[in-house]
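*Asks:* With chain A's structure known, arrange chain U on it following the hints.
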Amino acid sequence: MSVIPLRQMAAGQKGRISKVGAHGELGRRIRDMGIVPGTPIQILGRAPLKDPVAIRVWNFTLTLRNNEADHIHVEVEEVP
Amino acid sequence: MNDAAEQYLIALAGNPNCGKTTLFNSITGARQHVSNYPGITVEKKEGVASVEGCQLLFVDLPGTYSLTAYSLEELVARDFIVNERPRVVVNIVDASNLERNLYLTVQLMELGMPMVLVLNMMDAAASRGITIDVTELSRRLGIPVIPAVARTGRGKDELLRVTADMARRQPKWSPVAMSYGADIDPAVDTMEAEIERAGFLTDMYPARWTALKYLEADEQVIKRGGEADSVLSERLETTASDVAEHLHRTLESYPEAIIADHRYGFISALLKDGVVTREGKTDRLFISDQIDRVLTNRLFGPLIMMGILYVVYQFTFQYSALPVSLVEAAFAWLGDTCNALLPEGILKSLIVSGIIDGVGGVVGFIPLIMFMFFAIALLEDTGYLARVAYMLDRVFRTFGLHGSSVMAFIISGGIAGGCAVPGVMATRTLRSSRERLATLLTAPFMNCGAKIPVFAMLVAAFFPAKRAPMMFLLTFLSWTAALLLARLIRSTILRGPSTPFLLELPPYRMPTLRGLVIHTFERTWQYIQKAGTIILAISILFWALMSFPGLPESNKEAFEAIRQDILAGVSEEGRAVLQAKGGGASADAKMPAEWAAAAEALKDVDGEEAQVALRNSFAGRVGRALEGVSRWCGFDWRTNVALLSGFAAKEIIISTMGTAYSLSEVREGEDLSLSERLAADPQWNRLKAFALIVFIMLYAPCFATVTCIIKESGAWKWGVFSMVFNTTIALLMAMAIYQGGLRLGLG
Chain A
6 MSVIPLRQMA AGQKGRISKV GAHGELGRRI RDMGIVPGTP IQILGRAPLK
56 DPVAIRVWNF TLTLRNNEAD HIHVEVEEVP
Chain U
-9 MNDAAEQYLI ALAGNPNCGK TTLFNSITGA RQHVSNYPGI TVEKKEGVAS
41 VEGCQLLFVD LPGTYSLTAY SLEELVARDF IVNERPRVVV NIVDASNLER
91 NLYLTVQLME LGMPMVLVLN MMDAAASRGI TIDVTELSRR LGIPVIPAVA
141 RTGRGKDELL RVTADMARRQ PKWSPVAMSY GADIDPAVDT MEAEIERAGF
191 LTDMYPARWT ALKYLEADEQ VIKRGGEADS VLSERLETTA SDVAEHLHRT
241 LESYPEAIIA DHRYGFISAL LKDGVVTREG KTDRLFISDQ IDRVLTNRLF
291 GPLIMMGILY VVYQFTFQYS ALPVSLVEAA FAWLGDTCNA LLPEGILKSL
341 IVSGIIDGVG GVVGFIPLIM FMFFAIALLE DTGYLARVAY MLDRVFRTFG
391 LHGSSVMAFI ISGGIAGGCA VPGVMATRTL RSSRERLATL LTAPFMNCGA
441 KIPVFAMLVA AFFPAKRAPM MFLLTFLSWT AALLLARLIR STILRGPSTP
491 FLLELPPYRM PTLRGLVIHT FERTWQYIQK AGTIILAISI LFWALMSFPG
541 LPESNKEAFE AIRQDILAGV SEEGRAVLQA KGGGASADAK MPAEWAAAAE
591 ALKDVDGEEA QVALRNSFAG RVGRALEGVS RWCGFDWRTN VALLSGFAAK
641 EIIISTMGTA YSLSEVREGE DLSLSERLAA DPQWNRLKAF ALIVFIMLYA
691 PCFATVTCII KESGAWKWGV FSMVFNTTIA LLMAMAIYQG GLRLGLG
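Protein chains in written order, with the numbering used here: chain A, 6 to 85; chain U, -9 to 737.
Excised from the complex, chain A in its bound form (with noise of 0.2 Å):
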């Protein structure tokens, strides 16, 4: 079990959010997508320029740009 920021998990990878590190505007935005601690999310890909991320949470699909990835830190199985 290790915390890594979002940015760094792999495709695929599934994990459970520890931490979202945001707030004003972007803390708000990401907190009404339902990115709040304890939420298991997963890594579905990335476009094609390796940025923004696309995530499975909860039901549905996220996507957030790298930059706003990074305040979102997750609890993973293993680091890859």
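These are computed hints drawn from the structure, not numbers from a lab.
Glycine included, every Cβ here is placed at the ideal spot set by N, Cα and C.
Any given hint could be a false lead.
[As the list claims (entries may be wrong)] Quick list of the computed label-pair ranges, beta carbon to beta carbon:
(1) U:His236 - A:Gln47: 32 to 40 Å
(2) U:Gly171 - A:Gln47: 22 to 30 Å
(3) A:Glu30 - U:Ala183: 48 to 56 Å
(4) U:Thr121 - A:Gly17: 24 to 32 Å
(5) A:Leu54 - U:Ala183: 52 to 60 Å
(6) U:Val619 - A:Gly26: 50 to 58 Å
[Claimed, not checked] Straight-line alpha carbon distances no greater than 25 Å define the calculated DSS-like cross-link-like pairs of lysine-lysine that follow:
(7) U:Lys34 - U:Lys546
(8) A:Lys19 - U:Lys35
(9) U:Lys146 - U:Lys35
(10) U:Lys146 - U:Lys34
(11) U:Lys701 - U:Lys35
(12) U:Lys262 - A:Lys24
[Said to hold, decoys possible] Which chain U residues face chain A? A few, computed with CB under 10 Å, are given here:
(13) Arg90
(14) Gly145
(15) Ser243
(16) Glu246
(17) Ala250
(18) Phe321
*Replies:* Quick look at chain U alone, frame taken from chain A:
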């Protein structure tokens, strides 16, 4: 609203992509009215449904994930509920994605107005193995819950009945007092008591809600609070910041984060113990994921996207070509008929060149706009547009734009031959305001279908051997200019961090034809209402600028004398024929050679007279006055007046230039004579032609586009800005090219 007809105001709230619009269409049918919320560009849709002898006036609130004060849409939704006090709020949620959708529901419950919950897409939820105990959910929430499938109309009747019942009973607002944990609750309780005692904002908001908003640092509520009672407001802010400080010290967190966590906690508790059960693995999302593996693949994704965007472009402009040409033909016929029927004079000129051309200009865009909105609605409703934004965001973000900006650029002429009017309107798919403004200000730099014939004429005259590479170069230049200028705009007047991206990729789904058609028609109708009148008015203004003050009598007489001289040289029979043909006399193959020569001579005189009249018109005078500046780009008054007329519509540049060069009756498509004329003119050369092409590419958009910029941005200043900014840039670029070229000896 308690009149005899029993009409109740009902608000429809929900997340984007939850089927809210589909439900709205299914409830209200075609009885809809689209307008804007006062003073802003957020769309407001209203529609009526009759049920059991009462009328329900539905207002479709903007789709939002939340009720914060960060985005215009959310503020609108919140203010509507608070200010208009709808009898009932119908909250529609995606049953297959309850956890996130209920976040908005919880916030609505915090406000506490009477509410009905609609679980939409029950079929999709079922196919994904999700079962929902509707009765238990309703019991736990304390509000009616109605399972529905908006696409098929399932649940619609029950929803209407339950809503009408509730509206009649008129229940009181009952805000839910939720717990936000040990760190927040005591503060909320104290603040609530204080607010209640002072009656602080209680005419608008429930006391506990106001307390919550102070803790969440909600700008709008704090501002209103400060206006209502600055002392209490400051005390509340102090309490809130104490809590914030404590949370930051102990948990490294923020009140708003803790509050959100508890809302989600409430939701997961709500759905536990058999309210929602999941089984099975294969579901719609699975299929959607499979499609995405191909459509957003690193290699195939961009290729397929280019193909799809090209097809959309073809669809918009190819299929609309027939209706557009029919409309044009109809107006041409109308113009010719009036031309023949009306007596010669200023009234005829006003009707034919001012009004008919103006109305034709408005109507001519309609097929284009309809096809564009249909194509975009199709991409949006299937879910593909979100994928385009996802794939292209990295590129467009570099220039301060958004992945969704691409649509506006392509429609505007990113693939040469588009039109900026529908292009500017296509920016509606962008939800982030700075990016949207930057996009709609730069999309008109693209080479629209009206600039193309002008370029073609100039290229044919000066670069006849390099037509294809020149056109490609021009497309490349317009993209470069648009993107770089977008960057410039975003780092100066629209400076600011980019709006958070966080875009949902909805599952692929089949759009309903009904939805597409309603969508297309209501937007087209809006264009006619909003832009139509202004376009017509400016068209008439331009006609006046080009026609007045006309020629002095002495000049007219001189031209008439020349005509009489020519006619005097023809036999009596010929004179009668030529005179009968009137001003626009032209040679006829069946005519004797003598008559034909006279006809040609008459035409030359007409051309000469038109040229002198144009030179003397207000537009001509402005054109001459501008020579002082424009000569730095190599343009004389003829070019200037043509460019001025191009503000009415870019393709008119050709016919005005024709008049300015005394070529009578230069029409679209018959521009070869002008092309040859310019090529043969010693005043002209490749350098001047290229400077002119670049100027036309960049200068002020046509006023139809400017009108749309004003309407879409909601402010006159952006229309004025686009005219001034674009013309300045065009002038600087053309000047740099011309002067640079001269230095290099290219002139």
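*Asks:* Hint by hint, say whether it matches the structure.
*Replies:* Hints versus structure:
no.	hint	verdict
1	U:His236 - A:Gln47: 32 to 40 Å	holds (35 Å)
2	U:Gly171 - A:Gln47: 22 to 30 Å	holds (28 Å)
3	A:Glu30 - U:Ala183: 48 to 56 Å	violated (31 Å)
4	U:Thr121 - A:Gly17: 24 to 32 Å	holds (28 Å)
5	A:Leu54 - U:Ala183: 52 to 60 Å	holds (54 Å)
6	U:Val619 - A:Gly26: 50 to 58 Å	holds (54 Å)
7	U:Lys34 - U:Lys546	violated (56 Å)
8	A:Lys19 - U:Lys35	violated (41 Å)
9	U:Lys146 - U:Lys35	holds (19 Å)
10	U:Lys146 - U:Lys34	holds (22 Å)
11	U:Lys701 - U:Lys35	holds (17 Å)
12	U:Lys262 - A:Lys24	holds (24 Å)
13	Arg90	holds (4 Å)
14	Gly145	violated (21 Å)
15	Ser243	holds (9 Å)
16	Glu246	holds (6 Å)
17	Ala250	holds (4 Å)
18	Phe321	violated (45 Å)
Checked against the numbered hints given earlier, the structure breaks hints 3, 7, 8, 14 and 18 and satisfies all the rest.
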